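The numbering of the sequence shown is the working numbering, which starts it at -2 and goes up by one.
Hints listed in this document are in silico derivations from the structure and should not be mistaken for laboratory results. Accuracy of the hints is not assured; some may be wrong.
[Said to hold, decoys possible] Lysine-lysine pairs mimicking PhoX-like chemistry, simulated, CA-CA at most 25 Å apart:
{"id": "1", "residue 1": "Lys155", "residue 2": "Lys179"}
{"id": "2", "residue 1": "Lys179", "residue 2": "Lys110"}
{"id": "3", "residue 1": "Lys110", "residue 2": "Lys126"}
{"id": "4", "residue 1": "Lys126", "residue 2": "Lys155"}
{"id": "5", "residue 1": "Lys126", "residue 2": "Lys179"}
{"id": "6", "residue 1": "Lys179", "residue 2": "Lys247"}
[Stated by the list, open to error] Estimated spans, in silico, between C-beta atoms of each pair:
{"id": "7", "residue 1": "Gly234", "residue 2": "Gln80", "range": "19 to 29 Å"}
{"id": "8", "residue 1": "Thr70", "residue 2": "Arg241", "range": "35 to 45 Å"}
{"id": "9", "residue 1": "Lys110", "residue 2": "Gly34", "range": "44 to 54 Å"}
{"id": "10", "residue 1": "Gly234", "residue 2": "Glu108", "range": "33 to 43 Å"}
{"id": "11", "residue 1": "Thr109", "residue 2": "Pro32", "range": "43 to 53 Å"}
{"id": "12", "residue 1": "Thr5", "residue 2": "Ser132", "range": "18 to 28 Å"}
{"id": "13", "residue 1": "Glu184", "residue 2": "Gly234", "range": "13 to 23 Å"}
{"id": "14", "residue 1": "Thr245", "residue 2": "Glu184", "range": "16 to 26 Å"}
{"id": "15", "residue 1": "Glu221", "residue 2": "Arg104", "range": "22 to 32 Å"}
{"id": "16", "residue 1": "Pro254", "residue 2": "Lys110", "range": "26 to 36 Å"}
{"id": "17", "residue 1": "Thr245", "residue 2": "Arg131", "range": "43 to 53 Å"}
{"id": "18", "residue 1": "Thr245", "residue 2": "Ala20", "range": "20 to 30 Å"}
All values reported here derive from a predicted model rather than from experimental measurement. Here a beta-carbon is modelled for each residue, glycine too, at the ideal position from N, C-alpha and C.
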Amino acid sequence: MLQVTDLTVELGEALVLKEVNFAMPQGQWLGIIGPNGAGKTSLLRTISRALPPRAGQVVVNHRDLYREMTAGTSAQMMAVVPQQTILSFDFTVADFVLMGRLPHLGRFARETKRDLAIVDHALSLTGTKDLARRSFRTLSGGQQQLAAIARALAQEPKLLLLDEPTNHLDINHQIQIMDVIKQLNQESNLTVVSVLHDLNLAALYCDRVILLRQGRLQAHGSVEDVYQLPVLQQAYGCPLVMGRHQLTGKPQVQPVPRYALTNPS
């Protein structure tokens, strides 16, 4: 589904990604983790066709993203949910989600009954149908993020890209957002790539993870493969302790405060 080969990316004069390689099949959820400045968002932007690479290749469904696909065809195949959506004009949630159909419409075409049905289905999948007539600007942060996911789903993508989808949300809304994405991933065979700062959420929800540090790939594989204490401590540059989630058995990571090192109980 997605293959990244020898990817090198510049931002201004800075080299932000250096010879990154990985591949993932259809229907999995890949988490991109790493410390601040590791190149996580730059990688997501390159995969979304927003930041062309200096060298290397991004292949989606056996087609080179930058050499064999236009912006229009890539928008029909993949959808992007940013950290935050800021609108210049006010829209109802229904009209905001309807924007997701634009890649499938002609330049002067009007939406059809099928387009409206797809929007209605996207609202239902994300639990935002009751918000359809509300102004997007009046929604809470969690509601806006769900509406943004609904708009992405209205594009009918095969690949969903999310940049820190739980950023600035309380724990209840974090779980709500992640549960919705996981349900779509499992029931619709939707391939998901997301940047996540929260290592524990990444471990709970992702099938595979890649760990970046200073623009280079440090580790790639299953959560069990990547979540090794020496690997994570080296990447993040701080002492950590690891355990297991009581219900799922997935690895969970906790930081070690300095006072605990100097005055252990």
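Consistency of the hints with the structure:
With a C-alpha separation of about 14 Å, the suggested pairing of lysine 155 with lysine 179 holds against the 25 Å cut-off. Restraint check for lysine 179 and lysine 110: the C-alpha separation of about 28 Å exceeds 25 Å, so the hint is violated. Taken as a hint, the lysine 110 and lysine 126 pair is honoured in the structure, with Cα atoms around 17 Å apart against an allowance of 25 Å. Taking the CA atoms of lysine 126 and lysine 155, the gap is near 23 Å; set against the 25 Å cutoff, the hint holds.
Of the pairs offered as hints, the one joining lysine 126 and lysine 179 holds, with about 19 Å between alpha carbons and a cut-off of 25 Å not exceeded. For the given pair, lysine 179 sits about 15 Å from lysine 247 by alpha-carbon distance, which is consistent with the 25 Å threshold. In this structure, glycine 234 and glutamine 80 meet the distance hint of 19 to 29 Å, their C-beta atoms being roughly 24 Å apart. Roughly 44 Å separates the CB atoms of threonine 70 and arginine 241, a value that falls within the hinted 35 to 45 Å.
Checked against the hint of 44 to 54 Å, the pair lysine 110 and glycine 34 passes, with Cβ atoms roughly 48 Å apart. In this structure the supplied range 33 to 43 Å is violated for glycine 234 paired with glutamate 108, their Cβ-Cβ distance being about 50 Å. Our hint of 43 to 53 Å for threonine 109 and proline 32 holds, since their Cβ atoms are close to 47 Å apart. Restraint check, threonine 5 to serine 132: a C-beta distance of roughly 43 Å breaks the suggested window 18 to 28 Å.
Range check, glutamate 184 to glycine 234: Cβ separation about 39 Å, and the 13 to 23 Å hint is violated. The hinted window of 16 to 26 Å between threonine 245 and glutamate 184 holds, with their beta carbons roughly 19 Å apart. Glutamate 221 and arginine 104 have their C-beta atoms about 49 Å apart, which leaves the hinted 22 to 32 Å range violated. Distance hint check: the CB atoms of proline 254 and lysine 110 are about 58 Å apart, inconsistent with the given range 26 to 36 Å.
In this structure the hint that threonine 245 and arginine 131 lie 43 to 53 Å apart at CB is violated, the actual value being about 34 Å. Distance hint check: the CB atoms of threonine 245 and alanine 20 are about 26 Å apart, consistent with the given range 20 to 30 Å.
Hint violations for this structure: numbers 2, 10, 12, 13, 15, 16, 17, all remaining hints satisfied.
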